[in-house]
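S.K.: Residues per chain are reported as follows:
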Amino acid sequence: MQHGKYRFIVGFLAIPLGLYALFVIWPFIQSIYYSFTDWTGLSPEFEMVGFDNYTRMFQDEIFWKSLEHSLLFALVLPVVTIGLALFFAFMINVGGRRRRGGPVITGVRGSAFYKIVYFFPQVLSIAIVALLFAFAYNPDSGAINSLLRGVGLDGLQPLWLGDPDLALWCVMAVLVWSTVGFFVVLFSAGMASIPAELYEAALLDGADRVTTFFRLTLPLLWDTVQSGWVYMGILALGAESFAVVQIMTTGPGGPDYSTTVMVLYVYQKAFRDGQAAYATTIGVALLVVTLAFAAIVMRLGRRERLEF
Amino acid sequence: MTTTESPAPLPAGPGTPVAKTDASGPRPRTAKKEGGVLNVFSHGVLIIWAVMVVLPLLWAVMTSFKDDSSIFGSPWSLPDRLHFDNWSRAWTQASMGDYFLNTILVVAGSLTGTLVLGSMAAYVLARFDFPGNRFIYFLFVGGMSFPIMLALVPLFYVVNNMGLLNTIHGLILVYIAYSLPFTVFFLTAFFRTLPTSVAEAAFVDGASHSRTFFQIMLPMAKPGLISVGIFNFLGQWNQYMLPTVLNTDPDKKVLTQGLVQLAVSQGYKGDWSGLFAGLVMAMLPVLAAYIVFQRQVVAGLTAGALK
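Residue numbers (this note's numbering), protein chains in the order written: chain A, 35 to 342; chain B, 103 to 409.
Hints were generated in silico from the structure; no laboratory data involved.
Given the structure is predicted, the values throughout are model-derived calculations rather than measurements.
There's no promise every hint is true.
[Claimed, not checked] These stretches of chain B come out as covered by chain A in the derived footprint (C-beta under 8 Å, 3 or more residues):
(1) 255-267
(2) 330-336
(3) 340-349
[Said to hold, decoys possible] Within a straight-line C-alpha distance of at most 20 Å, the following computed EDC-like cross-link-like pairs (lysine to aspartate or glutamate) qualify:
(4) A/LYS99 x A/ASP199
(5) A/LYS39 x B/ASP307
(6) A/LYS99 x A/ASP290
(7) A/LYS99 x A/ASP307
(8) A/LYS39 x B/GLU302
(9) A/LYS39 x B/ASP351
(10) A/LYS99 x A/GLU234
[To be verified] Only some residues are given here: those of chain A computed to face chain B with a beta carbon under 10 Å:
(11) GLY38
(12) ILE49
(13) PHE70
(14) GLN93
(15) ILE96
(16) PHE97
(17) LEU158
(18) ILE160
(19) ALA161
(20) ILE162
(21) ALA177
(22) VAL264
(23) LEU298
(24) ALA311
(25) LEU321
Glycine is no exception: its CB is placed at the ideal position from the N, C-alpha and C atoms.
Kindly generate the complete structure, drawing on both the sequences and the hints.
M.R.: The structure is reproduced here in structure tokens:
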């Protein structure tokens, strides 16, 4: 298969690689370079300023707030989302009533239905979901407060997105709502491939469901959980959190910078404030946080691979 | 997560004494009872979450048929009559029709481009040995974990200098470039699983490398192309961040930005019912397509994470 091999390889790789290098790799390299300049983005002129942007960043109170919120997103969202998803997936696959003569471990009735419904938010654009919930959270006429009034909780009418102490949690709840279904389906597929004999053996040994879950299901599912964890963290630091914060919160990023996240701050500095160089500096910090997050999760989660 | 430290991963026979269990024999009664309680409990929890997922969506559909005063006055009341005029207003006056058209154009172009270019690159990387193969592969795959926003600041000016800012074809090229990492990652793995003998036979019969690829390998890779195609379709159809930065011309807006734009401007115009109609209009086709192609969509979206 040597004839014309290299011509073929070059011919096939040139366009995809060229496009990728021009629109993805090159901008990344430029970004890191620009973070050492005073480029505004408005004019082509700029000078090298060394580490000035980085010194400024470390003294920038809003940067620290955005970092804190981003870290909170990266820690809380995967824990809550994956925890809920594991719980639901376990209920769907193992929570069923034992039928006479049937297998020891069964899924609940209608498990297919639950999986279809839970997956709904995953196919919708996060922008649409964010808009929808921005209305639902509206303190006067939104669906949530009006529901609370409807069940007699007139005293409980939070400002939701308008309350600096609450806004960030409201935004996170939307991300949980929209991503849990994906992980339920993912983990269900993993649980379905665990052999039933293992469950039977566990039951014969007298393990209850909780023990079965922590000693059997979770360890066998660990690889999937771990990659889901990294995937969710990257989403929570990147595009998804940008969309929800930018669309839902006042400011955006408010009230009083209580919801600003790094990815939004990069966007605002570059395209609102005309401080492109400083924006790339925050972007580099975001890159460091993202890579560190992935490395820590992979490292902490390392364990022997189980074959079954 | 406390489970990271759990020492014994497998319930290895006698090694897992469970304190409260009477190990002296089968316990049909308690087991049955536990199963029953768990069954009620699990159904309860599962139904609550199902309601929490469906309720906001149904609420949006219902609201899109109401008039403005009842949207604000009584968010949960049923519409007094079905205000279909909300929908026609959204389609024409609020230019939802244009946004749909723009989105269809962009996604049609970028999805085709992503699949063609992605499978070409993946095939070469999966099947041919050459210096730099690994490096190029990791260059592509590395793109999956980098925060896109970092690249977007200079990318804006790259695209601007090429005269591609606020154009449909510019957006298509950028979508393709940012879809390549996952597509190449997924399809490289897929091409590796395909048998080599068929391609070799074709080659012996005198087919060129590119003919072997287009006429033999691509048809064989169809299941993989469908999975990754669905994944990219949803990602590109729902894309928000890239167009927000690179596509600010009101006439060229895609669906997601158009809706957000609409929501901002409704603050002045006050046509909330039209906005809800627009929201539902954007939601329904994707949900309908999902329900029809449910199995393929789930396979396509979860395939990557399972690898």
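S.K.: Does A/VAL264 meet its interface restraint, that is, does its C-beta lie within less than 10 Å of any C-beta in chain B?
M.R.: holds, 8 Å
S.K.: For the pair we were handed, A/LYS99 and A/GLU234, check the Cα-Cα distance against 20 Å.
M.R.: Violated, at about 51 Å.
S.K.: Grab the minimum C-beta distance from A/ILE160 to chain B and call the hint holds if it beats 10 Å, violated otherwise.
M.R.: Nearest chain B Cβ about 6 Å off; hint holds.
S.K.: At a Cβ distance under 8 Å, does chain A reach at least three residues of the stretch 330-336 of chain B?
M.R.: violated (count 1)
S.K.: Next item in the hint list is A/LEU321. Is there a CB on chain B closer than 10 Å to its CB?
M.R.: Interface hint status for A/LEU321: holds (5 Å vs cutoff 10 Å).
S.K.: Verify the interface restraint on A/ALA161: the C-beta must sit less than 10 Å from at least one C-beta of chain B.
M.R.: holds, 4 Å
S.K.: Was the hint right that A/GLY38 lines chain B, CB cutoff 10 Å?
M.R.: holds, 6 Å
S.K.: Given the hinted pair A/LYS39 and B/ASP351, is their Cα-Cα distance within 20 Å?
M.R.: With Cα atoms ~45 Å apart, A/LYS39 and B/ASP351 exceed 20 Å; violated.
S.K.: For the pair supplied as a hint, A/LYS99 and A/ASP290, confirm whether the alpha-carbon distance does not exceed 20 Å.
M.R.: holds, 10 Å
S.K.: So, as I understand it, the hint says A/ALA177 touches chain B; can you test that by seeing if any CB pair is closer than 10 Å?
M.R.: holds, 5 Å
S.K.: Holds or violated: the stretch 255-267 of chain B covered by chain A, criterion of 3 or more residues with Cβ-Cβ distance under 8 Å?
M.R.: holds (count 7)
S.K.: Just to be careful, I want the Cα atoms of A/LYS39 and B/GLU302 compared with a cutoff of 20 Å; is the pair within it?
M.R.: Status holds; Cα separation ~13 Å.
Of the numbered hints stated above, those contradicted by the structure are hints 2, 9, 10, 13, 14, 15, 16, listed in ascending order.
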